[in-house]
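Taking the hints into account, I'd like the entire structure generated from these sequences.
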Amino acid sequence: MYRYSDDMGHSGSSRAFIFGDALKAEYAPLPSSSASTLLSSHVRMPVADAKRYSKLEEVNRQDEILSTLKILEPRLRRLAVLMSGNAPIINGDLNIGRLIPLPMMGEGISRLLSIILAIYDSPHGVVLVDEIEKGLHYSTMVEVWKAIAETARRSETQIIATTHSWECIKAAHEASAASDAYSFRLHRLERVKDEIRVATYNQETLDTAVEMSHEVR
Amino acid sequence: MPATTQSISQPKLLIGEGAEEVRFFNAMLSHLKLGDIRVEEYGGKRKLSRYLQELVIRPSYREVISIGITRDADDNASSAFQSICGVLTNIGLAAPAATEVFVGDRPKVGIFILPNGRNAGMLEDLCRDAIQAYPDMQCVDEYFKCIHQKANRQPNNPAKARVHAWLASQVEPDRRLGEAAESGYWPWNSPAFDSLKQFLRSP
Chain A
1 MYRYSDDMGH SGSSRAFIFG DALKAEYAPL PSSSASTLLS SHVRMPVADA KRYSKLEEVN
61 RQDEILSTLK ILEPRLRRLA VLMSGNAPII NGDLNIGRLI PLPMMGEGIS RLLSIILAIY
121 DSPHGVVLVD EIEKGLHYST MVEVWKAIAE TARRSETQII ATTHSWECIK AAHEASAASD
181 AYSFRLHRLE RVKDEIRVAT YNQETLDTAV EMSHEVR
Chain B
218 MPATTQSISQ PKLLIGEGAE EVRFFNAMLS HLKLGDIRVE EYGGKRKLSR YLQELVIRPS
278 YREVISIGIT RDADDNASSA FQSICGVLTN IGLAAPAATE VFVGDRPKVG IFILPNGRNA
338 GMLEDLCRDA IQAYPDMQCV DEYFKCIHQK ANRQPNNPAK ARVHAWLASQ VEPDRRLGEA
398 AESGYWPWNS PAFDSLKQFL RSP
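Heads up: the protein sequence lines correspond to chains A and B, in order. For the first sequence, counting from 1, position 21 maps to 21 in this note's numbering; every step adds exactly one. Counting from 1 along the second sequence, just add 217 to a position and that's the residue number in this note's numbering.
Be aware that a few hints might be false.
As the list claims (entries may be wrong) - If you want the ones that stay clear, here's a sample from chain A, every Cβ over 12 Å from chain B, calculated:
hint, residue
1, 61
2, 197
3, 208
4, 209
What the hints assert, rightly or not - Simulated crosslink set (SDA-like; lysine to any residue; CA at most 25 Å straight-line):
hint, chain 1, residue 1, chain 2, residue 2
5, B, 325, A, 212
6, A, 24, B, 280
7, B, 264, A, 182
8, A, 170, B, 261
9, A, 134, A, 104
10, B, 377, B, 405
11, A, 193, A, 210
12, B, 325, A, 190
13, A, 193, B, 283
14, A, 193, B, 228
15, A, 70, A, 180
16, A, 51, A, 11
17, A, 193, B, 282
18, B, 264, A, 204
19, B, 325, B, 273
20, B, 262, A, 211
21, A, 55, A, 12
22, A, 51, A, 79
23, B, 264, A, 200
24, A, 146, A, 202
25, B, 264, A, 12
26, B, 362, B, 292
27, B, 262, A, 213
28, A, 134, B, 221
29, B, 414, B, 228
30, A, 170, B, 270
31, A, 193, B, 310
32, A, 134, A, 47
33, A, 146, A, 180
34, A, 170, B, 276
35, A, 134, A, 43
36, A, 170, A, 185
37, B, 262, B, 381
38, A, 170, B, 292
39, B, 264, A, 134
Hint data in this document are derived by calculation from the structure and do not stem from the laboratory. None of the values given here were measured: they were computed from a predicted structure. Positions of the beta carbon are idealized from the N, C-alpha and C atoms, including for glycine.
Okay, here's the thing in structure tokens:
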């Protein structure tokens, strides 16, 4: 059960659940006590990011964000919210004499920033991420997943992400296997006649798939 | 590990313990012109359960109509067969009552215990049986007799030792079982292979 708001400002509530090996979903107008956030794969909302970042900076937790973003941009020294026209934009300091808007540093770092901020903004809730691998280089994915998982664990937030990327799935599995408690599940949805069926991989079955390079998608 | 991910691309699946078995069976299937069987390895008898647990959730598994499981008998063919049946039951797949018989429906499941469903041994025993009548196998036997006399030792797996000694005597002396199969070393028309061929044709 989750109440969500997307980057376009739309909100609603639904619930989805696995029933046997089938996926069921239905609108659920009941109120939810947990905050949830939907991150679309194709719409960026830098203003929403700036607002979320400001809330973190207000309680002096901005360095937690910085250390995560350094996975993708080691030169990054600090973040700052600057006005661009009438809109606040998060900028980064790369020690080149002036700050640069985060979106100009690449899709991956903007994407990771949005995900991490959404997690901080959804404590005890759910963050839904569409095409989570988008913009992320495969070589950084394990570290990115470790950062996402650690942030989610601290915030007690569940991440539900979609992907078509084998590298991304493998990275999530490896990152979770390297943690104290394996907390990753892969649910593949497949259409069987008129139903959506679910195949769920746990650590052991994903170990086998990775070891033998079996297709899971 | 292959560079790309492997999909179940055929309606029939034949699984063996390791990479040598995959090469061996693929060569045999090619000889038999059976093109609708995909051969995979499951990583040895201790990993069969893990392999099957993952198999049943793989994409396209619903399209699989038969699974042929092969395994070395090692010390006891009956124990090997019962072990596989136990794994199948735990996974929820049909377990046949006897070797070389397919049971169930989508997928049908059959088990072949190497070398021949009855005897102790392994794939090497089957290959040894197939070439046992070759004249040069007498040389191999004499070689091991000589080793025994001169060095007072014998290999603990005579069939394996003889097959590899025979392979080492070939013009290309470094081929293993699977590569030897691909190179046409094994006489597919030998009666030793009959029950295995029948198993491959049956599902």
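- Query: Hint numbers the structure violates, sorted upward?
  - Reply: Hint check: 2, 3, 4, 11, 25, 38 and 39 fail, others pass.
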